[in-house]
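Chains A and B are the protein sequences, given in the same order.
Here the first sequence stands for residues -9 to 411, numbered as in this note's numbering.
Here the second sequence stands for residues -9 to 411, numbered as in this note's numbering.
Hints were generated in silico from the structure; no laboratory data involved.
Where is the CB? At the ideal position from N, CA and C, for every residue including glycine.
Among the hints, erroneous ones may be present.
Facing chain B, a subset of chain A residues (Cβ under 8 Å, in silico) [said to hold, decoys possible]:
1. I29
2. F39
3. M50
4. P54
5. L57
6. W117
7. A118
8. M199
9. K203
10. L214
11. M264
12. I268
13. I284
14. T308
15. S366
16. S393
Covered, in the sense of this in silico footprint (three residues per stretch, anywhere, with C-beta under 8 Å from a C-beta of chain B), are these stretches of chain A [to be verified]:
17. 240 to 250
18. 293 to 303
19. 332 to 339
Number of protein chains: 2
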Amino acid sequence: MQIHKCLQSNLAVAAMVLSMAVPVAATAQTDTANSETAIITTSRDDGRFLSSRGLAQGLMKAMPPRLAFTDVMTEDSFPAWQQQMEQAMTTLMALPTTPAVAPPRLVKSVERDGYRVEKWESYPFSWAVVPFLVLIPDGVDASAPAPAAMLCIPGFGQTKELLAGEMGGDYDLEQGGNPEAGHAAMARTYAKEGWVAVAVDNPSCGELMDNGKFDYLNTSRVLLEVGWSYLGLSAYQDKLVLDWMKQQSMLDPQRIIVSGFSLGTEPMMALGLMDKDIYAFVYNDFLCTTRERILVMTKPDENGNRPFPNSIEHLIPTFLTLFDFPDIVAALAPRPVICTEGGLDRDFRKISRAYELAGAPEAFEYHHYPRYADPSARQDLETLPEGLNRQEFFNLVNCDSPSHYFKDHLVVPWIHKLLEE
Amino acid sequence: MQIHKCLQSNLAVAAMVLSMAVPVAATAQTDTANSETAIITTSRDDGRFLSSRGLAQGLMKAMPPRLAFTDVMTEDSFPAWQQQMEQAMTTLMALPTTPAVAPPRLVKSVERDGYRVEKWESYPFSWAVVPFLVLIPDGVDASAPAPAAMLCIPGFGQTKELLAGEMGGDYDLEQGGNPEAGHAAMARTYAKEGWVAVAVDNPSCGELMDNGKFDYLNTSRVLLEVGWSYLGLSAYQDKLVLDWMKQQSMLDPQRIIVSGFSLGTEPMMALGLMDKDIYAFVYNDFLCTTRERILVMTKPDENGNRPFPNSIEHLIPTFLTLFDFPDIVAALAPRPVICTEGGLDRDFRKISRAYELAGAPEAFEYHHYPRYADPSARQDLETLPEGLNRQEFFNLVNCDSPSHYFKDHLVVPWIHKLLEE
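Next up, chain A with everything else stripped away, as it sits in the complex (with noise of 0.2 Å):
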């Protein structure tokens, strides 16, 4: 099988070409270089591990990303390559291509200041429904069609309600908004600005809990033991909604936006890839390169542990092998991209000659946080030390996580901007 034949290939050019050296910031400011744990080491006077991890380790290191962005990229070579992006993707997220099993079903409807709120189904597998919310402003409709739509995909234990305004727990609507959704009622904020707005759940929260657990490891788990994953069910469960989207008369087809906040931002590039009639996308987290991440967050804590990396809810076995956040995001040119919450500045250069490769560079914008707005505030940096804990890696990539939260200020400006181009 591919899968194997990858692997064994990847091996072989471990085998051969893995160089042990530490990777040098030198303007990286952390205290971990005075630490002899922070980095996972050797005694060995041949420079070889005992310890698995270490092993495991350099085995991630000899296997770079093989579709990386990178320099040697050029006009002439980007759709050949974009076209790869897009098969990997499609590979890894193996969504199921029987045709739906029931289309989806309108079962209640509720309305609000400006706008009503419906609530459907989609039915994913014949034993399985999965509800998401539909705002649709007041005089929208076939004959007048919102100028945009929006997919908008919750983070990290938000729900489908929160995002919608709504009060989230008995999940009937009937409690008349949620005064306290602020910045996180991503739906509402889009469908007062006119735009039809869906708002849909990650799998195992909210409505999709199991006993009243957000028990997204367990699911994780039984998924990647069949061969699938968290994110190859979000993005399957993504897609039902979308495809529903492009067939309802009261928007434009040709102008839905994904806007994916947090974890949202996972699914939301898996269909950025795989789905060419998505208009643009609202990327609101900080850019991360994942892989990087797993390498140099190596500092244990008091206990001696060292971090885990991300729960296996973003585990897709072969994904970082393959290519990572940046990469997809620059697959993504020319289509207007905003990316609200900074990260490595060497990562959005990557992006932004993606841009302008596909002749488009107005096209992608991004945003630092505030604290890290100005450029004297946050490092440039072109690789990072390993030996760092979680705080150490937020401060180096310019992640301010207090600061997290939808960036509705910046993102509404930029969507009336592409709408009157």
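Starting from the known structure of chain A, fit chain B onto it as the hints suggest.
For chain B alone, kept in the frame of chain A given last:
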């Protein structure tokens, strides 16, 4: 890619054939029937699951192992099925096919009562070293080779030193033996019988720890990222040692037995399918159908959390959609296997039938735990009910976990008998 097509094809079948009927085992005695939440359920009239855990449960049910040994197997179809099993395991384990970095090297030798312990190093990658211990009975050499040689793979948390009856901790063999090792000293037991015994570490354990931590989850996670697995690495490390054993003139390469305790039965089975040179197998654990265990162990704990399927150390994506442990043992026929700690008679009947098809019914021997040795003391179930916790599962499959230890009193006579044939 193939794995993608497999999942899509499986999902297609799933969408068509899934029956959500809960298996009923008339003889199963548990109190779970009274618990509303023990089973993953839905309160919807259409029977559809809202919970993602229910969706995932349905998906796993819809993807039974494609290569399961079934009643329709005949003498004629058996060899082709064995070949499919071998190919599937080879794909899953993805062992590097590059030549070994360097041959294993002897680094130390100490004398013990009736045998000597040699410490060797193997080099699975250019950046990694994996030591192993070799116990050589006095008088055994190229001119008087041992009648058998055992590759001993430890259980979870055990070290090669424990198996060799040595003290762990500093791994230098200078402490002169471990009087507390008892039954766990599998390799020492074999050496005292006059057989060459090799003891290995499982990844991340003992000398392969990182920063003094048995960090098998962290290592597993990184391996899964690059498309490998803890079991894949275990099998690779053990395979290098096995190949080294075959070249030693102090033993008969036609009489190499792999002896696995608990976790160690997993690489033993993987190697068994992939390496026809192995003469026989000691399976020292209860025989578990892991997929069934995941599907039925759904009873929430006092906090409402369902049991997490066994840790990601055991995760090999798609493994359980291909086969389960009893199928693998069945595919080892006609090579001798002893199972020492019981399980469901259903599974032993399956394996016994495979050995009959292979023309060697006497080559498979199994024993139940003493507590379940009397047929009237154990349950003989064809299916297990959902809604079990771990202890209820163990009770139903005749697993007496407090009596889980290396059953030398069963294994040693069995090997002597084999060697006399």
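Comparing the hints with the structure gives:
| no. | hint | result |
| --- | --- | --- |
| 1 | I29 | violated (10 Å) |
| 2 | F39 | holds (5 Å) |
| 3 | M50 | holds (6 Å) |
| 4 | P54 | violated (11 Å) |
| 5 | L57 | violated (14 Å) |
| 6 | W117 | holds (4 Å) |
| 7 | A118 | holds (4 Å) |
| 8 | M199 | holds (6 Å) |
| 9 | K203 | holds (6 Å) |
| 10 | L214 | holds (5 Å) |
| 11 | M264 | violated (13 Å) |
| 12 | I268 | violated (22 Å) |
| 13 | I284 | holds (7 Å) |
| 14 | T308 | holds (4 Å) |
| 15 | S366 | violated (36 Å) |
| 16 | S393 | violated (29 Å) |
| 17 | 240 to 250 | violated (count 0) |
| 18 | 293 to 303 | holds (count 6) |
| 19 | 332 to 339 | violated (count 0) |
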